[in-house]
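Visitor: Here is how the chains run, residue by residue.
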Amino acid sequence: MSVAKRKTTEGNFFEDFVVGSTLVHATPRTVTEGDVAVYQSLFGNRFAVQSSAPFAATVGCARAPVDSVLVFHLVFGKTVPDVSLNAIANLGYANGRFGVPVFPGDTIRTVSDVLGVKANRDGQTGVVYVRSRGENQRGEMVCEYTRWAMVRKRNAASPAPTPVVPVLPDAVDAADLKVPFQIGDAAYDAALAGSDAAWEDYVVGERIDHVDAMTIEESEHMSAARLYQNTAKVHFNLHVERDGRFGKRIVYGGHLISLARALSVNGLANAFAVVGINGGRHVNPTFAGDTIYAWSEVLDRAELPGRDDIGALRVRTVATKDLSAAAFPDRDATGAYPSNVVLDFDYWVVMPRRRAMR
Amino acid sequence: MSVAKRKTTEGNFFEDFVVGSTLVHATPRTVTEGDVAVYQSLFGNRFAVQSSAPFAATVGCARAPVDSVLVFHLVFGKTVPDVSLNAIANLGYANGRFGVPVFPGDTIRTVSDVLGVKANRDGQTGVVYVRSRGENQRGEMVCEYTRWAMVRKRNAASPAPTPVVPVLPDAVDAADLKVPFQIGDAAYDAALAGSDAAWEDYVVGERIDHVDAMTIEESEHMSAARLYQNTAKVHFNLHVERDGRFGKRIVYGGHLISLARALSVNGLANAFAVVGINGGRHVNPTFAGDTIYAWSEVLDRAELPGRDDIGALRVRTVATKDLSAAAFPDRDATGAYPSNVVLDFDYWVVMPRRRAMR
Amino acid sequence: MSVAKRKTTEGNFFEDFVVGSTLVHATPRTVTEGDVAVYQSLFGNRFAVQSSAPFAATVGCARAPVDSVLVFHLVFGKTVPDVSLNAIANLGYANGRFGVPVFPGDTIRTVSDVLGVKANRDGQTGVVYVRSRGENQRGEMVCEYTRWAMVRKRNAASPAPTPVVPVLPDAVDAADLKVPFQIGDAAYDAALAGSDAAWEDYVVGERIDHVDAMTIEESEHMSAARLYQNTAKVHFNLHVERDGRFGKRIVYGGHLISLARALSVNGLANAFAVVGINGGRHVNPTFAGDTIYAWSEVLDRAELPGRDDIGALRVRTVATKDLSAAAFPDRDATGAYPSNVVLDFDYWVVMPRRRAMR
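If you're matching them up, the sequences are chains A, B and C in order. Here my numbering is used: the first sequence runs in plain steps of one and ends on residue 693. Here my numbering is used: the second sequence runs in plain steps of one and ends on residue 693. Here my numbering is used: the third sequence runs in plain steps of one and ends on residue 693.
Don't take each hint at face value.
[As the list claims (entries may be wrong)] Below, simulated DSS-like cross-link-like pairs (lysine-lysine); rule was C-alpha separation at most 25 Å, straight line: (1) B:488 to B:568; (2) A:568 to A:488; (3) B:568 to B:342; (4) B:583 to C:583; (5) B:488 to B:342; (6) B:583 to A:583; (7) C:583 to C:340; (8) C:568 to A:583; (9) C:342 to C:568.
[What the hints assert, rightly or not] Negatives, chain A to chain C, calculated, CB over 10 Å: (10) 340; (11) 453; (12) 485; (13) 497; (14) 560; (15) 636.
Don't read these hints as lab results, they were simulated from the structure. Keep in mind that this is a model prediction, so the values were computed, not measured. From the three backbone atoms N, C-alpha and C, an ideal C-beta is built for every residue, glycine too.
Construct all of the structure, not just a fragment, from the sequences and the given hints.
Guide: This is the structure we're talking about:
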């Protein structure tokens, strides 16, 4: 047997990330109604715009758009083999926006720019900052965001690169949000949406317990990750994880975003699309068997330039495990989170304004 | 923080149901081929009409129709947030009919009329009767039925309303069934359907053991309920149910209807559509890990007015858990069911008559 | 109650198989994008051709074709009620080819010819050889293969039939493969496919550890089998299997083929379609909770007659459970397999030649 070229991917290590370089991620993905149905069966979403083609028409869509959180996962999934296969932790997200809506039949691909690198003092790892851009088959942006992850070095002896740390905004400016929806006067049917609370009814500082809860099964988080073609090993390999840090598989952090979003319909039923991601942290790991609750806080309420049909709400949703959200469990004064809090997610949603509702 | 309008739903309590009022249920749902595939993967259906577009053409459908039992679950699911979120028990179904077939792309919505209320003597609960009507995007009836449930009162001190109890038929009259299928002479291919038993081959009183069985997993019954947007908490929240009546999550009763229907293909392969629901009782709870068997009894065989291609069969299907159906386990002389019987479902199916088969 | 015609299927026993006869299997199946999505969520496939419509166009497909392994399962599933409901073991596959690609919307049906029968000396069982042919709605072959299974006799006293054992090729001749794909010069995008290894880069004798692994859950293998309408009881009935040979349900052997194929993308990313099956053995049973790894060996590299865009690779993929594939665990000199090896699958794939790649 002659020596052949290496065929398998080991993923990139910290040394492989060069600031200014671009990663073209593999496996473009045509999204179908089948993907939407699998996602529905995994999370039980009840936002009317994504559920019903006629309802979607009332916000200006030719058919039911694909949930933007699902779009995020599909865009993110492509980055895993190149960005985070050797990551120890996914540290955060920032500056995320959604662009043109995705409809079944559209094909998503992702490219990422390396924005920054910073070696850790332990000599074993470093932090990598990438900005990923998901595009449809026409090259239109469907989702873009910055994330940073702690990635292992291939070789502890490698010299530290010049540190480059991008400046990231605390939040996306509401004026920069893309809102590809349009509602005619009194066109949005509150009864069918399940709530008559309009954008004007939400108050900054208001907190909402989403009441409902959902227990996660192993097959569910794995099915979701496979749907997104997310290949991170810790979600799938019990044989190795049994002897790992937690003794079991770890649920993909994004699963919590989807669950929290689905639960949030009870209290935010008219927040019909996530249009921006300001930040997100997976503050404790989640495992199969955990029951997830969620509560939200309204952080900001913004008019959209030139728009009287739709307004934006900046919301922070906190997800907990095996702990009711009725008492709004949260970080303490030092910023430390209770062990039952698993997600702290800060994002923009759009809602109909009162004049657009009936 | 100012006091904001309540955003979350707590569901209706017994006091909230007013006889003669109408509930417009939220979340219209566009059914897709994706939903059909998820349903297929959960139950393993093998009725040829729903499985194959060319076969469906032989019964007069432009494409494979959505299984009417799935339609029932979608219509039912919408009613849960308004009707049974505070229900202790779903007591029964009656007078159910299916209307125009549902095809992928159709959008289903549901409205319910409150037919009756009757306070229980315990002062804590009452029985609510509603008639629900599922419609497609053209307003055509796709499924309608009456159900009654025991619903908690918000306040034990509330006065009892004047009792109104609707008169419900024991069975739908065969002449009232809608049968939107048409088969030409010798057009129905018995070999492809998997059985050469025609409508004429079934005998009133005949009992059929469906032989096969299926074990239920937690992720399966939850995925099904999420597919239907059924939000009843007992199916999803292990954290609460662990300390509840059974110490675990309870399987949605409708899951048993789907499983029993799927198992019944072995013995009723040509019963290609459920067209009516005469009654149904979930006589014992089902849990993940239970293995479901089913047997059926032919209760009636009815000609359809003016039709020589298709006949109707009134069937009662009994599902058991962890007990073979070979000995036809059933209620005893007092009407009491063995603890292993979980479902007693009385319904109408349609079958090709002999002249329509080849 | 009068005595009615038997309605349920007990499946064929050894005595029922007559050499030269043809079995028309029931339940034609229209494959949809929904089926593809469920399959995606179960196995996490990442071959670009099946994932993306625009990418599929670069190999000459009007849209993303259905994975041929899924086609195999759909074709195979139909044969179970007639061929292997009373089988003790599925002994092998041979001489398998795929024909025209299957696209969502196509309808698959299967017929099988009985090629051979041979009673076993134990008097209880015999080996049955059938050749199954899956066709689309135009009667075009989509998948054909020979398999043999050990089937129970109905009656131990039945006389042994004249033994007929078909001669089966060790491998399909590369010249007989159907390759309904066409790639223009430099049309195949290596970056989007995830690997720049062309057909020419693979060397006969080369072994590849596919690195990744996947743990199987009960709901997953059952969902897959139900998707294929595979009715073999051992996969579904815990109540019976609890007291059976292994004390639990057995995973459908084909599940391992799909998992191994999905894992093989890491090392064989450009092996974009399985086009032939030379042989396959399920050498040990697999159960939920097992973690599956895979490695492959290149057995042959064949030019395709008249083609300079695509070449064929004969690959043997070995799947293991709870054992890393890094050391290439394999049968020993006597042909015996370690207990952790579960699958030995010998098949043809097609890959772009270097000139077709960019």
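Visitor: Given the hinted pair residue 583 (chain C) and residue 340 (chain C), is their Cα-Cα distance within 25 Å?
Guide: Violated, at about 35 Å.
Visitor: Residue 488 (chain B) and residue 568 (chain B) were given as a pair; does the straight-line alpha-carbon distance stay at or below 25 Å?
Guide: Holds: residue 488 (chain B) and residue 568 (chain B) sit about 18 Å apart, inside 25 Å.
Visitor: Within a Cα-Cα threshold of 25 Å, do residue 568 (chain B) and residue 342 (chain B) meet the stated pairing?
Guide: Holds. Residue 568 (chain B) to residue 342 (chain B) sits at ~19 Å (cutoff 25 Å).
Visitor: Taking 10 Å as the cut and beta carbons as the points, is residue 453 (chain A) off the interface with chain C?
Guide: holds (27 Å)
Visitor: With 10 Å as the threshold, tell me whether residue 636 (chain A) passes as away from chain C on beta-carbon distances.
Guide: Fine: 37 Å to the nearest Cβ keeps residue 636 (chain A) off the interface.
Visitor: Against the 25 Å threshold, does the CA-CA distance of residue 342 (chain C) and residue 568 (chain C) hold or violate the hint?
Guide: Distance ~19 Å between residue 342 (chain C) and residue 568 (chain C) Cα, so the pair holds.
Visitor: Do the alpha carbons of residue 583 (chain B) and residue 583 (chain A) lie within 25 Å of each other, as the hint requires?
Guide: Cα-Cα ~22 Å, so holds.
Visitor: Assess, step by step, whether the Cα of residue 583 (chain B) is no farther than 25 Å from the Cα of residue 583 (chain C), and give holds or violated.
Guide: holds (22 Å)
Visitor: Take the C-alpha atoms of residue 568 (chain C) and residue 583 (chain A), compute the straight-line distance between them, and say whether it is at most 25 Å.
Guide: Given that 25 Å is the threshold and the Cα spacing comes to 30 Å, the pair is violated.
Visitor: Can we confirm that no CB of chain C comes within 10 Å of the CB of residue 497 (chain A)?
Guide: Check passes; 28 Å lies beyond 10 Å.
Visitor: Next pair to validate is residue 568 (chain A) with residue 488 (chain A); report whether the Cα-Cα distance is within 25 Å.
Guide: Distance ~18 Å between residue 568 (chain A) and residue 488 (chain A) Cα, so the pair holds.
Visitor: Just want to verify: residue 485 (chain A) was marked as not at the interface with chain C; is every Cβ pair farther apart than 10 Å?
Guide: Nearest chain C Cβ is 21 Å from residue 485 (chain A), so the label holds.
This entry does not satisfy hints 7, 8, 10, 14, going by the numbered hints stated previously.
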